[in-house]
Every structure is written in structure tokens, then in C-alpha cells.
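J.: For what it's worth, the working numbering labels the leading residue of the sequence shown as 25, then goes sequentially.
Some clues are possibly wrong.
[Unchecked claim] Result set (DSSO-like, lysine-lysine): computed pairs, CA atoms no more than 30 Å apart in a straight line:
hint, residue 1, residue 2
1, 268, 118
2, 131, 118
3, 241, 131
Calculated directly from the structure, the hints in this document are not laboratory data. If you're wondering where the values come from, they're calculated on a predicted model, not measured in any experiment.
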Amino acid sequence: MRKVTAVAFVLSGCLFCLLAAGSRTWSGDQGAWNPKAAAAYLDGRQTWWMAWPNAARDHETFCVSCHTALPYALARPALRAALGERDPSPNEVKLLDNVVKRVTLWKDVAPFYPDQLRGLPKTSESRATEAILNAVILANRDAQAGRLTGDTRAALTNVWALQMRTGELSGGWAWLDFHYEPWESADAKPFGAALAALAIGMAPGYASSPDVQDDLKLLRGYFERVYGRQHTFNRLMILWASTKVTGLLTSEQRQSVIDSAVAA
Numbered sequence: 025m026r027k028v029t030a031v032a033f034v035l036s037g038c039l040f041c042l043l044a045a046g047s048r049t050w051s052g053d054q055g056a057w058n059p060k061a062a063a064a065y066l067d068g069r070q071t072w073w074m075a076w077p078n079a080a081r082d083h084e085t086f087c088v089s090c091h092t093a094l095p096y097a098l099a100r101p102a103l104r105a106a107l108g109e110r111d112p113s114p115n116e117v118k119l120l121d122n123v124v125k126r127v128t129l130w131k132d133v134a135p136f137y138p139d140q141l142r143g144l145p146k147t148s149e150s151r152a153t154e155a156i157l158n159a160v161i162l163a164n165r166d167a168q169a170g171r172l173t174g175d176t177r178a179a180l181t182n183v184w185a186l187q188m189r190t191g192e193l194s195g196g197w198a199w200l201d202f203h204y205e206p207w208e209s210a211d212a213k214p215f216g217a218a219l220a221a222l223a224i225g226m227a228p229g230y231a232s233s234p235d236v237q238d239d240l241k242l243l244r245g246y247f248e249r250v251y252g253r254q255h256t257f258n259r260l261m262i263l264w265a266s267t268k269v270t271g272l273l274t275s276e277q278r279q280s281v282i283d284s285a286v287a288a
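Start from the sequences and build out the full structure, keeping to the hints where you can.
T.: What follows is the structure, encoded as C-alpha cells:
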């Protein structure tokens, strides 16, 4: 638990730094945080990931992971203003093209980890996890442009198609479990649901669509049931999602998770 709490605290600090950096350009002070170095590091790691043989998938695509590709997709655009950049970096373009390709070929591409190679229930876990990550990445892109695209709408349709409708997980999604805390583990399903909520809320105008209100009601019900037993990392993710989709947390719950993160 201490490890997860520490990760959550670091995550919140990193997000704060990125948001702060996005509001100004770099002064050039070598004693200050260097966004150019940060961007170079992120670009370098993404280059390595895209070329790593273990990340290769069918149809000449690569795995989009919640611990590598997703942080890159969210963090790299946040550096753009600080660096005076107008356009996505080459690696951002490659990542987005990869995601769009897999969304377009959704019925044809194989799951990241099929049951036949990794055992049950990795196909269902892979499909739901990938659907959510694709939607987050594309919704974040659309949020910057201020316009919902067909690619993102298709990605969100894939997300809803895999939402659970019964049992304890009703309203949530299956999620990859490789015993890799806190991203891919038995306790990570609320993390995945929070990412789904982020995608729904970031996609311009999407959360108010009449045809998703019943699905959103199920999602809110899921968080209501599971929130009380979550560790700080998951609570921080749900808190973040609650800034994009209304009704996920009460004001008291939001303040409680803020207080616990600050006190960690």
C-alpha cells in the first residue's frame, strides 16, 4: 500500500508540473526544470517502444500500453506550449496513426494478448483495455482541436460495447491483470474505468449525447459501489475523471482524496 500511495503522489506531482509547464515558455535557466530535455526523453522512450520486438502486433501495429504509450500520449502534447511547438511531434503522429489504424481495423486485429497464447481471460481483458486506451488517446487529441472526430466516436463505441452489464463489475470493464501494480493488476479495474470516464469527458460534446446517458448511469453506479475500498492511486484517477464527467464523486469524496494525497 505504501508503494501505491507513493506512486499516486508522484503522479499527482507530475501532472501538476506538466500543467504548470504548459502555461509558459521555458526561460532557459539551466537550474530550472527543462521541458526540452523532458520532451527528448519522452520521444526517445517512445521511439524505443515502437521498435521493441515485444511490442509488435499484427497488421504492422504495436501495443499501446497504459504504462508507456498512454503517458506519452498525454504528457507530450502538454509540453507543446512550453516549447513553442504548434504541431505534434513525429512520434505523436506515429502513435496516433497506430491507434487510428487499430480502431479502423477493430474487427480484424487480434487482441494484444489472446487466450490461446496467454490463457483465459486475456482476450476479454485485452480488448477492453485496448478499447479504453485508444479512446483516451484520441479523445485527448480531439480535446486539443476542439472537435469530435469519427475516429474517436468509433473508439468510444468500442468502449461501450465492452462495458459489463451484470455482476459486481456492472458499469465497469475487464482489465489486464499481469500482477503489475498499479496499472495492470487485479485491483486496477477502477483505474481502467476512470480512464474510460476521462475519454468520455474529454471528447468534445460527447458526454452530453442522449444515447450514452444510460451507459453513463451504469458507470456512475460502478464508482459508487467500489470507490470506498480503493487505494489512493485509484482514488486519484477517479478524482481526475470526476473533473471531466459529472456525478462520479460527491464534493466530500473529492476533498477527501485531495487531503489524503497531500498528506501522503
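J.: If a hint holds in the structure, say so; if it does not, say that too.
T.: Hint-by-hint comparison with the structure:
no. : hint       : verdict
1   : 268 to 118 : holds (27 Å)
2   : 131 to 118 : holds (21 Å)
3   : 241 to 131 : holds (27 Å)
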